[in-house]
Amino acid sequence: MPMASVTERGLVGASDRPVAELGAQEPMDNSVLGLWVWLSAEALFFASLIGVYFLLHTDTNHGLTPQTAFDLPLTFVGTIILLSSSMTMALGYNQMRRGNVVGLRRWLVATAFLGLAFLAFQAKEFTGFYSRGLTLSSSPFGSSFFTLTGFHGLHVLFGVFWLLSLLAYTYKPTFMQEAKTKVQVLGLYWHFVDVVWVVIFTFVYLMGKVG
Amino acid sequence: MASISGTANLPRTGEATAYRGLMAWLTVVDHKRIGQLYLMSGLLFFLVGGVEAFIMRLQLMHPNGHVVSAAVFNELFTMHGTTMIFLAVMPLSIGFINAIVPLQIGARDVAFPRLNALSFWLFLGGGLLLNSSWFLGGTPNAGWFNYTPISGAQFSPGLGVDFYDIGLQIAGIGTLISGINFLVTIVNMRAPGMTWFRLPMFTWTTFVTMILVLFAFPPLTVNLFLQTFERLFHAEYFNVAAGGSPLLWANLFWIFGHPEVYILILPAFGIISEVIPTFSRKPLFGYVSMVLATLAIGFLSFMVWVHHMFTLGYGPWVNSIFALTSMLIAVPTGVKVFNWLSTMWGGQLRFTTAMLWAVGFLFTFVLGGMSGVMLAVAPADLQLNNSYFVVAHFHYVLIGGSLFALLAGLYYWFPKITGRMLNERLGRWNFWLMFIGFNVTFFPMHFLGLEGMPRRIFTYSPGFGFTFWNEVATFGVFILASGVLLLVMNVVRSVAAGERASADPWDARGLEWSISSPAPAYNFAKIPLVRGYDPLWVEKMHGDGRMIPAPQAPGAHHGPLGMVHMPKPTIVPLLVALTLVAAGYGFIFNQLWLEVLALLLLGVALHRSMFEVDPGEYVRVRPEDEEAMSAHG
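Taken in order, these protein sequences are the chains called A and B.
The numbering used here numbers the first residue of the first sequence as 1 and each following residue consecutively.
The numbering used here numbers the first residue of the second sequence as 1001 and each following residue consecutively.
Since the hints were derived computationally from the structure, they do not count as laboratory data.
There's no promise every hint is true.
[What the hints assert, rightly or not] Taking lysine-lysine pairs in the DSS-like style, the calculated list, with each CA pair at most 25 angstroms apart, reads:
id, chain 1, residue 1, chain 2, residue 2
1, B, Lys1568, B, Lys1526
2, B, Lys1568, B, Lys1282
3, A, Lys180, A, Lys124
4, A, Lys172, B, Lys1526
5, B, Lys1282, A, Lys180
6, B, Lys1526, B, Lys1540
7, A, Lys182, B, Lys1568
8, A, Lys172, A, Lys182
Just need the whole structure built from these sequences, with the hints factored in.
And the structure:
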């Protein structure tokens, strides 16, 4: 077999270079890369919802406005709770890396609990708005506000489902062999949902309050 | 088509052992068979959309036509557009992507085989849900881009628009998952030596298409959610009286919709870039400029959406900017056309049916591109907008562009997908009837548009001067339809009794032609080593014409000798898709119990499957597949 000459696009022979240099570099795990790709689509999803909110939030239909509606201390506590859940998630990942499945379970429970606590604060906020007449159908402000924060809440809820589902799965005997990717992708998702909330808190609540 | 779904076409050994017959299809995870499912469903939806178009042309053949009522006509043009774009051209593209891309990059399957099955079932479920509207009281009738306020509860009180919103939502989730799957597949699963600048053009255009899917579908998802909430839960986004903005729908729709038309055409460019070099016996001219042009088109496709809305009154500045960006797209597209022509220049041309379609594509697509540049001129568009000129333009790029290229791909890759050749004689008749019929149908629409005939009118008066060209157009449809019938005949006959295909019937250049036709379940007995661009051609010129197995990476997982580890078939993706379709019906018909039940079942299915590690199964390698690879290496 003639060993190939190097052509314009680098024709190389089988024995010229190790496989690693032929484009087969250690790739990112499929699931982790897939999750990053999915999150980039999620970013566009929330960007669209935030755009809709920016366009419509001044149309209040003579009802509550961002300034009059938002209860910053309440939302601030919820924000702190959600942010600390990112910390507990990271601590859980750490326990997993040390091979401590009991520690991992503990932090998964803590993260799920904090997620639920955030949702409880959001439910309290939403019921307060409804009792004061700000609803999904009261005005474009209400509609776009509830769509944006509601979809974020649904993402937190799905994250809690994911956390508890993974918690049940940790009791499988072979779990620790598969744990790295499974905890890593969940962690990525959870941190992403947190980051989205930071954006929402800043641009919807803080900027809304200053008008 | 029935015999494709029989077991006759399964690879002779080494197929999934768990299921046979229908269950083998319901539990399918093999990318090649998912590709076949996409192609079959896409072809069926194409025929449905074609019948809808045929009825519309009968109605418009003469002034004051009485074939259908105005209301039915509205439903026909809405469903025709929606079906052709979302349920015919896109699935046909995704069918070829599934069937061919893993073969082109030397992979054994996609990155996520079970998600791939879920994508297909969601597309099929969404498409069937949308089309079930014909029988369930209310068909979408507000046009394929479904503008507010006409699609709102006030002017579209029936269920039709709900079917549109929820059907497209479900199908769209499937497409988005495909996008993630193929991006990861192309990044991670290339064979050793398959570097970025050795990727076949079809794989490159798939890569850019899937980036567009990833960024274009989320705005559509949001838009469909907003409209669903407005119609079902009385939210206010688009209603002017309540302070909402109907332009919000139009903008979000076209932020999705313009990249969408490139999602429809880029895979077609990829197919043409595979067919022309093979039948010219030359490498693709200007490969790097082709890649850069594809990236440029993908990038620009997000910058032009306002050209669909020049008449909405954004003013001369906005319109000028978007007119310029729109015309700019003609530059990378022109680069591509000249590269294809230069590839043919001095080549040893063989005019097989696939090549006829490719050359036909060059001719009609350039015409469609020219009328596109005319429409990009904002002042001219103020006259042409919403006229038959626009109808002529987008049929030239969608049929003369996308569909002709897809048919080139069908004649080219059919042997690899089914193991049998399409009949070339029928193919030539098929090509010339459709090519002539298409031009006779759609070229007169340019004149009708310039004469002022608006699109979407259900009839016209004899005195308007539209009669002659409408008669010509409908005459053309009969030629076009007879061509389509020949196509169907050819496919059915060839699947059942076509000539058996060899591994490389066209003396082609890419990895997919280095393995038997149809490809075995594991694609490659051993992962091949790619030694250059057009890897099979490199081996034909510098080796013994067979691919060299890649050296095993150190620490690679070794199974039993002579066996390949493949994903295991599962019914779970189908069940997950069914719960979403059931929930969709629950929302359309406002049945709370169905919504709750379906979403609970979805939760159970996810909980039971989302962490499950696919144990896979071992498939025995056939001796002839071992022999198809070079002993060297």
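For each hint, the structure was consulted:
1. Lys1568(B) with Lys1526(B): 19 angstroms, holds
2. Lys1568(B) with Lys1282(B): 40 angstroms, violated
3. Lys180(A) with Lys124(A): Since the Cα atoms of Lys180(A) and Lys124(A) sit roughly 36 angstroms apart, the hinted pair is violated (cutoff 25 angstroms).
4. Lys172(A) with Lys1526(B): 34 angstroms, violated
5. Lys1282(B) with Lys180(A): 48 angstroms, violated
6. Lys1526(B) with Lys1540(B): This hinted pair holds, its Cα atoms lying about 18 angstroms apart.
7. Lys182(A) with Lys1568(B): 20 angstroms, holds
8. Lys172(A) with Lys182(A): Roughly 13 angstroms between the alpha carbons, so the hint for Lys172(A) and Lys182(A) holds.
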